[in-house]
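Trainee: Taken in sequence, the protein lines are chains A and B. Numbering-wise (our numbering), the first sequence opens with residue 324 and increments by one. Numbering-wise (our numbering), the second sequence opens with residue 162 and increments by one.
Hints were generated in silico from the structure; no laboratory data involved. All figures in this text were calculated on a predicted structure; none of them were measured in a lab. Hints should not be assumed to be uniformly reliable.
What the hints assert, rightly or not - Capping the alpha-carbon separation at 20 Å, the derived lysine to any residue pairs in SDA-like fashion look like this:
#1 B:K459 x A:R526
#2 B:K459 x A:K545
#3 B:K459 x A:Q627
#4 B:K423 x B:Y465
#5 B:K423 x A:E584
#6 A:K576 x B:K459
#7 B:K459 x A:G521
#8 A:K576 x B:S464
#9 B:K386 x B:P449
#10 A:K576 x A:A566
#11 B:K459 x A:P531
#12 B:K423 x A:G521
#13 A:K576 x B:S466
#14 B:K386 x B:D399
#15 B:K459 x A:G525
#16 A:K576 x B:K386
#17 B:K423 x A:Q581
#18 B:K423 x A:Q627
#19 B:K459 x B:A387
#20 A:K545 x B:Y465
#21 B:K459 x A:D532
#22 B:K423 x A:W626
#23 B:K423 x A:S625
Said to hold, decoys possible - What the simulated footprint calls covered on chain B by chain A, stretch by stretch (three residues with Cβ under 8 Å from a Cβ of chain A suffice, anywhere in the stretch; the number is not a length):
#24 360–369
#25 376–386
Where a beta carbon is used, it is the ideal one built from N, C-alpha and C, also for glycine.
Now for the letters of each chain:
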Amino acid sequence: MRICIVGCGAVGSLFAANLAQLDDVEVWAYDASREHVDAINASGLRLSGAGEVVGRLRATTDAAELPQCDFGIVATKAMHTEPAIRATAHAFAAGCVATVQNGIGNEEVLAAHVERVIRGTTFPAGKILEPGHVQWDVKGDTTLGPYTDATPFAEVERLADACTRGGMPTHAVADARGPQWRKVIFNSATNPIGALTGLTHGRVCERPDLRALVSGLVTEGKGVAAAQGIVLDSDPEELIDHAAKREVAYGHKASMLQDVEARRTTEIDYLNGGIVRFGREHGVPTPLNEAIWALVKGVEQSWQQ
Amino acid sequence: MTRICVAGAGTIGSLLAAHLARVADVAVLTRREEHASALNERGLTVTGRAEFTAAVTASSDPASLPEPELVIVACKGSDLDALVGRLEGHYAAATLMTVQNGLGAEEVAGAHGAWPLLSAVTFMSGTRRGDAEVEYVLDTETWIGPYRHTTPEDAHRVADLIASSGLKAAAFDDLRPAQWSKLIFNATVNAVAALTGLAHDFHFAETARPSDLGLLVRGLMDEGKAVAAAAGVELWEDPWEMNVLATLRGHRHSPSMLEDVKAHRPTEIELITGSLVREASARDIPVPLHTALYALVKAKEASYS
Chain A
324 MRICIVGCGA VGSLFAANLA QLDDVEVWAY DASREHVDAI NASGLRLSGA GEVVGRLRAT
384 TDAAELPQCD FGIVATKAMH TEPAIRATAH AFAAGCVATV QNGIGNEEVL AAHVERVIRG
444 TTFPAGKILE PGHVQWDVKG DTTLGPYTDA TPFAEVERLA DACTRGGMPT HAVADARGPQ
504 WRKVIFNSAT NPIGALTGLT HGRVCERPDL RALVSGLVTE GKGVAAAQGI VLDSDPEELI
564 DHAAKREVAY GHKASMLQDV EARRTTEIDY LNGGIVRFGR EHGVPTPLNE AIWALVKGVE
624 QSWQQ
Chain B
162 MTRICVAGAG TIGSLLAAHL ARVADVAVLT RREEHASALN ERGLTVTGRA EFTAAVTASS
222 DPASLPEPEL VIVACKGSDL DALVGRLEGH YAAATLMTVQ NGLGAEEVAG AHGAWPLLSA
282 VTFMSGTRRG DAEVEYVLDT ETWIGPYRHT TPEDAHRVAD LIASSGLKAA AFDDLRPAQW
342 SKLIFNATVN AVAALTGLAH DFHFAETARP SDLGLLVRGL MDEGKAVAAA AGVELWEDPW
402 EMNVLATLRG HRHSPSMLED VKAHRPTEIE LITGSLVREA SARDIPVPLH TALYALVKAK
462 EASYS
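Produce the complete structure using the sequences and hints provided.
Mentor: Here is the structure:
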């Protein structure tokens, strides 16, 4: 089985290095960073932290080098999905392509270029320490499900089985929208609040007026999910309160806050922007998500002033 | 009217004191004695829209200043209570005029003495360049109306005096329509600027795309208008039109709350957005967008520590 990781950042590297442990899987990685690709080809892809792993794989910045693959796993930032799949789609002419990205709408972008798309949500997280070396911060489950009937469920199971055997526990389900929307609602209700205020997750949650705003955002997101017939696999509110505990993620700076501090474009269009877009399609008003979307876009615009 | 005391010599206080000193005897009550010394030694210099230096008498002790006929309390809203507290027992024959942002400054000031009260709002702006110099940036009007034991004629006399000093001023029989227009404008523009980092510019009037900031700005102003209507106030100007006009003029005004946030200073959010949210709550008018921004700006202040 041949699998290509498209976008070998922190999350992509967790999949790439772990899958490379399997004898029956050949792993490729496509990434825009020349330094990262060269380091991987020279001495392997190393993970430290939650697991110590070194994966031997083939990495490239040139999509033309990619052979035909059984599976793609797209792990770019959401705003890079389109150029990444446009460049690599030829390698998946007979394969399936899974997204494990943040936000909603990535599946549609993939489906414009490849026939068999797998919807996915993943919880493991990390960060790149140096080219070829990734810090594995948190372990967690991944859920995969077919995006449309064009994707055979047996193929989803085959990819989930490989990921699980490689050390990334993965479930194949008929409808992966529940876990996906739970994560999107969680991220949309907490990430931009951290980004706008500068507060860590725990400090956001201990301010009653701000926690009420978080709940307002969650409620709108749940309404949009329910209008599509999506059953959330658990309540995002519980996830938010759990993460606020001192021993969990009280002091965690949301990735969007890190993006804003580094003046990097955020994933807001695919989080709150996605909830607003699906809300409009299903006639569910989302005024708070619209407000937060506009504010974070305003933050990005302020960097041009 | 020939003896005036300007209490609080920030940007607005300094602009008023320097201009009025050209047509009246002006005393300046400062918080710091060094500030008073600098004014006594060097006078007060205006640059920008006007260039001159005026002689003023300054002190940090109200008892050592000449008895005024008019006291203009020109500090920031957050300093108002403490500053007027220092005037308790002084200047029994004077009329007091407040020029703070938001609502309720007259009540705070009036609680410290039986002075007749005028209320004012100002749209002019400037930048302090040290204790004895202020740059005059926006030459927009100051509006004055009667509040307690004062008449429209009293407001006219003060407006005429300010206009004769080279600043723009107008008197109103009832200031509330103008005060509420400015409150809604300020609550919206200041909070959005403080959260996004954007100076007040064309972004605030853009409405074409669903994430455009102008949609949020208009939504905030619509909430404010609903509160004004419930309070029985017929607005002097439509705040959305004020916003569109101001941004069409092409300049980028940096609202004071944005400057405060950048400098990690406490903002006037309590007096501005806070007073609007409290007025809404007293009248059972839902203002979810202002409530959200109120919580976000307060949280941003909390992030300084």
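Trainee: Indicate, hint by hint, whether the structure satisfies it.
Mentor: So, going through the hints one by one against the coordinates:
Taken as a hint, the B:K459 and A:R526 pair is honoured in the structure, with Cα atoms around 12 Å apart against an allowance of 20 Å. For the hint pairing B:K459 with A:K545, the CA-to-CA distance comes to about 27 Å; that exceeds 20 Å, so the pair is violated. As the CA atoms of B:K459 and A:Q627 are separated by approximately 26 Å, the hinted pair breaks the 20 Å bound. At most 20 Å may separate the alpha-carbon atoms for a hinted pair to count; B:K423 and B:Y465 meet this at roughly 10 Å.
Pair hint B:K423 plus A:E584 holds up; C-alpha atoms about 14 Å apart against a cutoff of 20 Å. Of the pairs offered as hints, the one joining A:K576 and B:K459 holds, with about 18 Å between alpha carbons and a cut-off of 20 Å not exceeded. At most 20 Å may separate the alpha-carbon atoms for a hinted pair to count; B:K459 and A:G521 meet this at roughly 11 Å. Taking the CA atoms of A:K576 and B:S464, the gap is near 12 Å; set against the 20 Å cutoff, the hint holds.
Proposed proximity of B:K386 and B:P449 is supported: the alpha carbons are some 14 Å apart, at most 20 Å. At roughly 12 Å between alpha-carbon atoms, A:K576 and A:A566 fall within 20 Å of each other, so this suggested pair holds. Straight-line distance between C-alpha atoms of B:K459 and A:P531 comes to about 12 Å, which keeps the hinted pair within the 20 Å bound. Using a Cα cut-off of 20 Å, the hinted pair B:K423 and A:G521 holds, with the two alpha carbons roughly 13 Å apart.
Between A:K576 and B:S466, the direct Cα distance comes to roughly 15 Å. Compliance with the 20 Å bound is thereby established for this hinted pair. For a cut-off of 20 Å, the pair hint linking B:K386 to B:D399 stands: about 8 Å separates their Cα positions. Between B:K459 and A:G525 the alpha-carbon distance is near 16 Å, which keeps this suggested pair within the 20 Å criterion. For the hint pairing A:K576 with B:K386, the CA-to-CA distance comes to about 37 Å; that exceeds 20 Å, so the pair is violated.
For the hint pairing B:K423 with A:Q581, the CA-to-CA distance comes to about 18 Å; that is within 20 Å, so the pair holds. Of the pairs offered as hints, the one joining B:K423 and A:Q627 holds, with about 17 Å between alpha carbons and a cut-off of 20 Å not exceeded. As the CA atoms of B:K459 and B:A387 are separated by approximately 24 Å, the hinted pair breaks the 20 Å bound. Our distance criterion of 20 Å between C-alpha atoms is broken by A:K545 and B:Y465, whose separation comes to about 33 Å.
Simply put, B:K459 and A:D532 have alpha-carbon atoms about 9 Å apart, close enough for the 20 Å limit, and the pair holds. Simply put, B:K423 and A:W626 have alpha-carbon atoms about 14 Å apart, close enough for the 20 Å limit, and the pair holds. With a C-alpha separation of about 13 Å, the suggested pairing of B:K423 with A:S625 holds against the 20 Å cut-off. With 3 residues having a beta carbon nearer than 8 Å to a beta carbon of chain A, the segment 360–369 of chain B meets the requirement of three or more and the stated coverage holds.
Counting residues of the segment 376–386 of chain B whose CB lies closer than 8 Å to any CB of chain A gives 3, which reaches the minimum of 3, so the coverage claim holds.
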